[in-house]
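Let's have the full structure, built from the sequences with the hints guiding it.
Going down the list, the protein sequences come from chains A and B. Going letter by letter, the first sequence gives residues 2 to 208 in our numbering. Going letter by letter, the second sequence gives residues 15 to 270 in our numbering.
Bear in mind the hints are in silico, worked out from the structure with no lab data behind them. The beta-carbon is built from N, C-alpha and C at its ideal position, and this holds for glycine as well. Worth double-checking, as some hints may not be accurate.
Cβ-to-Cβ under 8 Å is the rule here; a few derived chain B residues that face chain A [what the hints assert, rightly or not]:
hint, residue
1, Met102
2, Glu108
3, Leu121
4, Gly128
5, Arg129
Pairs of lysine-lysine residues, derived as DSSO-like cross-links and limited to a Cα-Cα distance of at most 30 Å, are as follows [unchecked claim]:
hint, chain 1, residue 1, chain 2, residue 2
6, B, Lys205, A, Lys199
7, B, Lys148, B, Lys205
8, A, Lys146, A, Lys164
9, A, Lys199, A, Lys5
10, A, Lys199, B, Lys148
11, A, Lys199, A, Lys146
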Amino acid sequence: MFMKAAWLTVSLAFWGLILSLIIGFFCALVRFWRWPVVARLAGIYIELARNTPLMIQLFFLYYGLPRVGLLLEGRTCAIVGLAFLGGGYMAEAFRGGFSAISRSQIEAGLSIGLRRFQLLRYVIFPQAVAVALPAITATAIFLIKETSVFSIVALPDLMYVAKDLLKEGHNNESNLLLVLSYLLIILPVSLFFGRLEKRVRFAGFGD
Amino acid sequence: MPDNPQVVLKITDLVKSFDSTKVLKGINLTVGHREVTVIIGPSGCGKSTLLRCLNGLEPIDSGQIELNGQLITAPGTNWSAIRQKIGMVFQNYELFPHLNVIDNILLGPVKVQGRPRQEAIIDAQSWLDRVGLKDRALSFPRQLSGGQKQRVAIVRALCMSPQIMLFDEVTASLDPEMVREVLDVMLNLAKGGLTMLIVTHEMAFARAVADRIIFMDDGHIVETAQPEAFFNNPETERARRFLNIFQFQELERRRA
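Here's what the structure looks like:
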């Protein structure tokens, strides 16, 4: 039962993270390019996502939306909720990376004839990600921890199962198991990003 | 002095402002094939802005720029295509820090011009060899000195096979002992017949490399002359004062 719960937590976190990264990247990109209306909308979204708690966002998705006829199942709610929250934070992480690219680097790219997309792909993106990676790592870890509120939308994830066990009186074991499970999930992610950081740091800057 | 009738670059009545400040106040200039033109003048006279207008890094207010007879200031200009024909080297090198030397050089030829990688590598290697960096192809920019970086930046621009090269104060950020190695490369390029437009504060170099000196002040071209004539006997009072200040600075430097 615990394994199943752990697997659910991992898969929800995984998809939430992937979507967060995609949303965050595009939000940061339209703001970097200063696309008239879209950049403004992205800005509003980011503030909204970052300044409301995940629990409230999930409540809204799970209990609020059905009232206007949109019924989402628990899993979908969890992933959408996490992506909504994470997108805002990832956008800020990427923004830090984008803003580290100097105007003259872009001009150097332009002056060898790179077109807009090529400039992004070969000059801006690799450098921005390298700079943003520590912030992305921190956000990823924070998001995985946030999954512990998923139980409020009736998902049998780690937290939910642990609470059940607690009610049945398995206090010490389930507490310990819960801590260990999260550690076991997050530690590899942390290490993976740490290694990645060292690699791009070497390629990029690292004097 | 090459007196080649073939015109590479023709600038007519070029005007450029930043907000309400006019930086270029009607520039007329023609650069011939294989000609080396050096632009000098006090800081803020508009010489760097002029270069940046030529490859579209700065939009212009009015006037015309023609590259080999093609008007490049018309609306809808394909700047990517134009910039491939105009090489530019910057004051702070601007190598891409995440790419090694050879990838810095190949980005343009391979990704923009679509040349076969192997062919471009051979080309790049031969240029690296010529600027004395044969064994540096796999180094990253941070492993190079300023002078080496700038030589790579020059090769990066050359490998696009441009019709004209723009040099924007390319030795201004270098330690004195590295200035020479970069200027030597440029002198060799000039001897090889490359068409060049150079903005510099290195007066001795300007004198040595130039076919023609353009003296700019306050957004105008004040004087156009042969280098010997300009440095020995400038026509305008403004140029004379400018050269005096430079001589004074040279003296100061020697005393210090």
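### Query
Quick check: which numbered hints come out false for this structure?
When the structure is compared with the hints, numbers 4, 5, 6 and 9 turn out to be violated.
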